[in-house]
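Protein sequence lines correspond, in order, to chains A and B.
If you read the first sequence in this note's numbering, its first letter stands for residue 8, the second for the next number, and so on.
If you read the second sequence in this note's numbering, its first letter stands for residue 2, the second for the next number, and so on.
These are calculated hints, taken from the structure and not from any lab test.
Accuracy of the hints is not assured; some may be wrong.
Heads up, simulated EDC-like pairs for lysine to aspartate or glutamate below, C-alpha to C-alpha not over 16 Å straight-line [what the hints assert, rightly or not]: (1) B:Lys91 - B:Asp9; (2) B:Lys50 - B:Asp81; (3) A:Lys59 - A:Glu14; (4) A:Lys148 - B:Asp17; (5) A:Lys148 - B:Asp15; (6) B:Lys5 - A:Asp85; (7) B:Lys5 - A:Asp31.
Here the structure is a predicted model, which is why all the values come from computation and not from measurement.
Given next are the chains, with one letter for each unit.
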Amino acid sequence: MLLQKIEGNKYLVVAYVEEAADGDESIVALDDLRSLGQKYSGSIKGIISLFKIYAKYGRMQPDGVTQSHMHHANYEPDILEFIKGKVRVFCFVDKGGMVVLTNSGLKKGQKASSKDVSKAIKVFRKYHSAKLAGDIEFLEKE
Amino acid sequence: MSIKNTLDWYSSLDDDVTYKVESNKNGFAVLLNTLMMEQGVSKSVLAHKLEKSAPYVTKVLRGDANLTIKSMTELLDVLDCKLHINGCHKDRDARWVTLVTGGRQTAVINKEDQKCASAWARQGVRDEAA
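Chain A on its own, in the form it takes in the complex (with noise of 0.2 Å):
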């Protein structure tokens, strides 16, 4: 499993890297984002400012990011998400808080998401079982 190194600071962001049957590699959560266009071009700016936030003070910490920018989006698993606007982007958080990024999408209701949510679980999941194998990847940013 590839993860691309987005932030690295005190704490690691990371994102997902999904590898197309024709050995494309796409990063989903940030693909995810652009393809929202123009009309949520602030939130999107918004959400990326804050992973340089967690990135240095993570959160819930004093200088960290806020309850009302990350929390959770389901549970058993933990699933995260950033908030800004109606945009979102879904995450889990592993040992030294280490944030993996696994996809992103609009509010569409009070919940979030159920599709997103299923999204972000199926990556949790091959996560864990990767990191069993010891079959993970950091890419780093050039």
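Based on these hints, arrange chain B on the given structure of chain A.
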């Protein structure tokens, strides 16, 4: 989209004005949240003190609100804090240090730093007196 293409887009945002605006909105939200944590003030208590709704406070703490100087001043005032506005060259990083007047010196890092800190503090006291 290729990984390189996506990462180039991601890196290009550092120079984007909208990105900087959103970053400042988040920065204020984080500051407010930190002050609330320090003082043990909940969202509902803050909303009550401000005579505003709880969703308003949530919007502010999400960094979704494009706040005016008036709103930022009011939000900080109910936490017994005040707003400082400053700017610096984009290649520099500004940090706040809290000057405790009348306090006892407890640590000196080195003589050069101490000299700078003393000069800075004296300047601050002179500015306050003026």
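Consistency of the hints with the structure:
1. B:Lys91 - B:Asp9: Violated, at about 20 Å.
2. B:Lys50 - B:Asp81: 11 Å, holds
3. A:Lys59 - A:Glu14: 6 Å, holds
4. A:Lys148 - B:Asp17: Not OK: A:Lys148 and B:Asp17 at ~20 Å, beyond 16 Å, violated.
5. A:Lys148 - B:Asp15: 15 Å, holds
6. B:Lys5 - A:Asp85: 30 Å, violated
7. B:Lys5 - A:Asp31: 12 Å, holds
Going down the numbered hints, you'll see the structure goes against 1, 4 and 6, while the others check out.
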